[in-house]
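Between the sequences and the hints, there should be enough to build the whole structure, so can you do that?
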Amino acid sequence: MRPRNFKPFRRLVTFLAVFCLVIAACGNDDDSADDPLPAVQATAAATAAATAAPASEPAATAEPAEEVSEPAPRTEEITIGAISTLDGPFAGLGDFSMHGVKLALLEWGGQLDGSGTRDGVSGASVAGVPIRLVIEGSDATPDVAVEATRKMVEQDNADIIIGPLSGDEGLALKDYIRDIPEVTLVNGTSASQDLTLRDPAPNVFRFGADGAMWSYGVGTYAYEELGHRRIATIAEDYSYPYDQVGAVLTEFCAAGGTVTDRIWVPLGTQDYSSFIAQIPDDVDAVFFAMGGTDAINFVKQYDDFTGQVIPLIAGPTAVDQSVLTELGDRAEGLISSGPVVDDSGLADFDAFAARLDEVFPGQTPNIFNVYYYVATKSALAALEAVGGDLTDGSQAFQAALAELRWDTPIGPVYLDDNRQAVVDIYLREVQDGAQVTIDTLPQVNGTLGFDRDEYIAKGSFSRDNPPCG
Amino acid sequence: MHRSSVPAASADGPLQPDFNAALVWGRLSRFSQHSMARRALGVGVAALLAYYAVSKSVEIGDRSLLVLLNGLTAAGLYFLMASGFTLVFGLARVTNLAHGGIYLLGGYGALSVQRTTGNWFLAALLGALFAGGVSVVLYLVLRLLRGDGLRETMLTLGATIVIADQVLATWGGIPTDLDPPSFLTGSIDLPGSTLLYPKFRLAVVALALLAGLLLWVLLYKTRLGMLIRAGVDDPEMVSVLGIRVPLVLASVFALAGALAGIAGAAGGTYLSLAQGEDNRILLASLIVVIAGGLGSLRGAGAASVIVGLVEAFAQTHHPVLSVLITFGMLTAILVLRPHGLMGGAADASA
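In order, the protein sequences belong to chains A and B. If you use our numbering, the first sequence corresponds to residues 1 to 469, in order. If you use our numbering, the second sequence corresponds to residues 470 to 819, in order.
Simulated from the structure, these hints should not be mistaken for laboratory data. For glycine and all other residues, C-beta sits at the position ideal for the given N, C-alpha and C. It is possible that some hints are incorrect.
Simulated coverage check for chain A against chain B, where a stretch passes if three residues somewhere in it have a Cβ under 8 angstroms from a Cβ of chain B [as the list claims (entries may be wrong)]: (1) 80-90; (2) 253-266; (3) 301-314.
What follows is the structure, encoded as structure tokens:
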């Protein structure tokens with residue numbers, strides 16, 4: 001029997017190698033495998049492409065274009081490429097973001113092609129120029145995001161990219177899009193500071209806050225109002241949570257507080273029990289910064305293990321409206337800062353919420369649908385301002401974007417010199433499954449109110465930056 | 470391992486002045502082939518590691534109990550996954566990478582049942598049946614490629630992607646979970662300390678033990694088990710004897726699927742159900758299966774406990790290095806025993 005046993009081992013090595021490779025590449029596989037576009041529509045698209053002017057339509061092969069069926073003979077068409085995480089752990093959040101994109105296009109005369117996430121919007125036009133929507137998905141990894149964007153830029157001739165969703169994807173896309181000045185990236189919800197703060201790209205615009213800005217105010221509040229003096233932090237081990245923890249500690253330590261432990265958890269940890277066991281008994285509160293599944297797993301297990309004897313303070317996305325339902329009662333009373341509250345009373349917000357529920361029944365506002373809506377609407381408004389003319393290599397359009405000021409559903413927005421938004425942030429508390437305002441922190445900027453040079457000189461937030469007694 | 474072998478090598482004989490890597494390596498490997506020396510080395514290293522673990526555990530006092538229990542509960546879930554995986558590999562020689570997808574289907578199936586009936590046990594049972602059924606379907610498809618290992622594996626990998634997308638389309642991408650049965654909700658006080666421990670996690674350990682016991686009875690006390698063991702040893706001979714091997718194979722796939730389904734229901738209760746969970750659990754169970762020895766059930770049991778405990782220990786004491794430590798341990802096991810803890814000679818008899 002013995003000799004036979006060599007086989008499994010050799011096989012195993014092969015399998016593992018193959019497996020790792022495929023795991024790394026599987027986001028791409030997904031995209032082509034699960035394209036829900038029916039054959040009929042694909043043929044229609046192909047015919048349309050054949051009859052249309054031979055100008056800018058290299059027949060997309062792997063993924064047929066969403067929709068190319070405007071009846072009128074078109075002069076020029078503007079293509080918007082929307083990218084979000086349609087596969088992988090953040091797939092649900094990807095759905096929300098596309099709702100936001102489509103809502104904005106509906107305001108410019110578009111019509112939904114269908115109820116699916118990848119169904120586009122047809123018939124929208126700005127200043128008489130038809131707008132085409134192309135949708136691509138990533139799995140929240142930077143390389144897949146770059147590939148998907150490259151596909152939209154090179155094959156679909158996208159002029160404007162809306163997205164991406166997650167922090168590291170944003171940094172990767174900034175580097176890619178920087179070399180194509182005529183294409184404009186309007187960020188979705190990527191919240192890495194350095195998308196705009198350090199080494200910004202001239203064609204990258206962010207009409208929302210970054211992770212540090214989202215966490216603004218909660219450190220001071222914890223010290224001044226809640227009377228916390230010693231806290232521990234627990235967060236996922238990558239750039240976006242570094243920003244959240246960094247912003248909270250910057251304020252908390254400046255006020256005089258100390259941090260006992262900074263616990264960093266590998267992204268995508270299922271079982272937090274051993275990390276929870278490290279939280280010391282003698283802290284006043286625990287700040288946690290996680291997203292999606294991780295936040296749900298953590299809060300649930302923290303609750304089971306400790307009964308929340310030591311109160312939690314949440315990061316902005318950990319208690320976003322997109323996960324509040326699943327967090328349930330465990331989230332009641334959690335304090336956080338963030339961009340979206342349910343009781344702001346802003347007329348624009350209530351109108352947005354009503355329209356969202358009307359077009360996508362049952363959906364309520366959260367970071368993702370609001371931010372993608374704001375990004376898309378900003379792009380469309382700037383297009384309107386330049387009469388839909390991108391023939392100058394998008395220069396006028398990008399200038400118009402940089403000058404844009406408007407009242408979004410979550411408050412007024414304008415951009416600084418790095419094309420980073422200055423926005424209102426809300427200090428909030430979870431009550432009855434909704435985010436209720438404690439305080440509105442108006443006009444928070446990318447340097448959290450510090451002097452720019454001084455702030456940048458402190459270096460990017462990391463596992464142990466900022467230092468704190 | 471190397472770190473500890475170097476001083477041992479110099480004990481074997483003083484280093485030659487004409488120092489030369491090949492010579493040292495040859496000496497080392499000859500040395501390590503000597504069974505007594507190997508044993509002594511192993512005992513030495515184990516003692517050092519044990520000393521380190523104990524001293525670290527004393528540092529954190531009664532929290533070590535938490536670490537121990539965390540390791541065991543993780544081991545319980547890993548065993549439920551790994552036992553099925555290893556059975557399928559042992560009998561059908563298929564590396565079933567869709568095992569994680571089946572876990573997810575079992576969990577989501579149970580979720581749907583619980584939402585209609587509110588009963589956790591019924592949910593877990595039906596979820597397991599559902600997962601077992603899917604696993605049998607997978608077997609029927611795999612039969613078309615009988616004997617072509619690489620293509621079989623690619624097919625199971627494809628199945629994972631299909632399953633993940635179907636789950637996304639049916640249940641959506643927002644993470645969710647099952648509610649534990651009411652008498653397992655909440656926590657108990659750990660004796661002799663102020664610490665709490667969730668009841669459901671302890672129940673998972675019991676569930677894994679029960680599954681292990683039932684598997685043992687099935688494999689060693691029933692005719693089907695006899696056939697399975699015979700099939701593992703010598704599939705050709707078994708089929709020559711007039712036994713319908715496909716039927717045996719199908720039942721093993723069903724069993725493995727059902728175990729993964731139960732694991733899905735349990736994991737979906739104390740962890741959560743979401744896109745991506747399939748890959749995480751698959752990776753964890755792959756580590757367990759490889760460390761234990763592909764095809765060996767006892768190995769899967771032993772390795773799940775070791776992996777669970779090492780992981781819990783590393784996450785507590787060296788959180789940033791925890792992933793590295795888990796894989797480092799796997800590497801160490803494979804260096805010492807290339808077929809895993811109980812692979813090789815053991816799997817022929819188990």
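- Message: Please verify the coverage claim for the segment 301-314 of chain A: does it have three or more residues whose C-beta sits within 8 angstroms of some C-beta in chain B?
- Response: With 5 residues close enough to chain B, the hint holds.
- Outcome, coverage hint (the segment 80-90 of chain A, chain B; C-beta under 8 angstroms; three residues): The restraint on the segment 80-90 of chain A holds, since 4 of its residues have a Cβ under 8 angstroms from chain B and three suffice.
- Message: Cut-off 8 angstroms, C-beta pairs, minimum 3 residues; does the coverage of the segment 253-266 of chain A by chain B stand?
- Response: Contact hint for the segment 253-266 of chain A vs chain B: holds, 4 residues under 8 angstroms.
The structure agrees with every numbered hint stated previously.
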